[in-house]
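2 protein chains.
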Amino acid sequence: MTGTFDLEDFLPYLLNQAADTLSLKFQRHYKARYGILRTEWRVLFHLGRYGPLTATEICDRARLHKTKVSRAVAALERKRFLARRESKQDRRQSILALTRQGRAAFDDLHAAARAFDAEIQADFTREEAAILHDCLVRIAGIRRTKDGTGQAPER
Amino acid sequence: MTGTFDLEDFLPYLLNQAADTLSLKFQRHYKARYGILRTEWRVLFHLGRYGPLTATEICDRARLHKTKVSRAVAALERKRFLARRESKQDRRQSILALTRQGRAAFDDLHAAARAFDAEIQADFTREEAAILHDCLVRIAGIRRTKDGTGQAPER
DNA sequence: AGGTATTAGTTGGAAATGTAACTAACAACC
DNA sequence: GGTTGTTAGTTACATTTCCAACTAATACCT
Chain S
1 MTGTFDLEDF LPYLLNQAAD TLSLKFQRHY KARYGILRTE WRVLFHLGRY
51 GPLTATEICD RARLHKTKVS RAVAALERKR FLARRESKQD RRQSILALTR
101 QGRAAFDDLH AAARAFDAEI QADFTREEAA ILHDCLVRIA GIRRTKDGTG
151 QAPER
Chain L
1 MTGTFDLEDF LPYLLNQAAD TLSLKFQRHY KARYGILRTE WRVLFHLGRY
51 GPLTATEICD RARLHKTKVS RAVAALERKR FLARRESKQD RRQSILALTR
101 QGRAAFDDLH AAARAFDAEI QADFTREEAA ILHDCLVRIA GIRRTKDGTG
151 QAPER
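Protein chains in written order, with this note's numbering: chain S, 1 to 155; chain L, 1 to 155.
Hints should not be assumed to be uniformly reliable.
Copies of the same chain look alike in the list, so a pair counts if it fits in one copy or across any two.
For lysine-lysine, the following DSS-like pairs were computed, each having C-alpha atoms within a straight-line distance of at most 30 Å [what the hints assert, rightly or not]:
id : residue 1 : residue 2
1  : Lys25     : Lys66
2  : Lys25     : Lys79
3  : Lys66     : Lys79
4  : Lys25     : Lys88
Worth flagging that the hints you see were computed from the coordinates, not collected in a lab.
With the hints as constraints, model all of the structure from the sequences given.
What follows is the structure in structure tokens.
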């Protein structure tokens, strides 16, 4: 009714624009350098940060569909960034862990991510950054767990 | 060095999660109801909100690649949501405008977007909402222009 | 005018994604 | 033990997106 309602006032749109902007910028750290895609980078991060995991665990934590994870894992395996180990308890699943090479890539990218994030945060006051983070967490419905992992919300 | 750095602390990731969450939710307003895709919805919005435009103008305003716009326009034309008119000044370009049907869809979706946005904002205080918006605008590098349109940054 | 460079928009093919169907292993129940 | 239902993960196919090449019209430059 009152005032204008432009696309940039529409949160989903604005959020997408902001997300695209940053993703595109950060891409340059991993895409050309390690020849990996965004989904692969996410899987790599999860394995590097939260230890050996099964594909399903990655799906839950990263909120990625199992087909995406399946393909990312296959790609990372081909590139020798991770290796599978058969699970003794359940022969359907495999335990995924980074190789030495994968670990090296993770360490580098983890540091790059940290630096990149710090660089962005530098544009905001501490309070702004805190509110931004809090709002986004609420929108995304992320629940923090004991190990500090972002978990998927109820399905 | 100090403290943990989890994926959810990484702004590009968090932003993507939040954006995906909202986009997915809002999708239900246009996807099934009007049989259009996200890019088409954006083009529709731009035409509805900012009057007849050429494809290139839409590219600039919406920050979409010309191939995406070209295809979205073709799709919207097939679905009779917009019509092309030849430009007198430049015969390469065509002026795109919504049809009556396109206008009706826009009016509906515009209202839906407004309501959806209000619903989200309701979870935040006025101050939080203002800061969130401001931070996102800065991240996305959106510059407000006289007509209230979000413009693309320098290329 | 004539040649070269830009610009508007489209199209083709490769890569990525989403959805559904599938296989194999486990679990539960009788 | 055998039937039925679930779950882990992969594969196939359709759709969407990305990138690069292309056509056609305009602008620039001499």
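30 Å Cα threshold - placement of Lys79 relative to Lys25: within (23 Å within a copy, 36 Å between copies)
Alpha-carbon proximity context of Lys25 and Lys88, limit 30 Å: neither (42 Å within a copy, 40 Å between copies)
Intra- versus inter-subunit Cα pairing at 30 Å for Lys66 with Lys79: The answer is within: 20 Å in one copy meets 30 Å, while 33 Å across copies does not.
30 Å Cα threshold - placement of Lys66 relative to Lys25: both (26 Å within a copy, 20 Å between copies)
Checked against the numbered hints given earlier, the structure breaks only hint 4 and satisfies all the rest.
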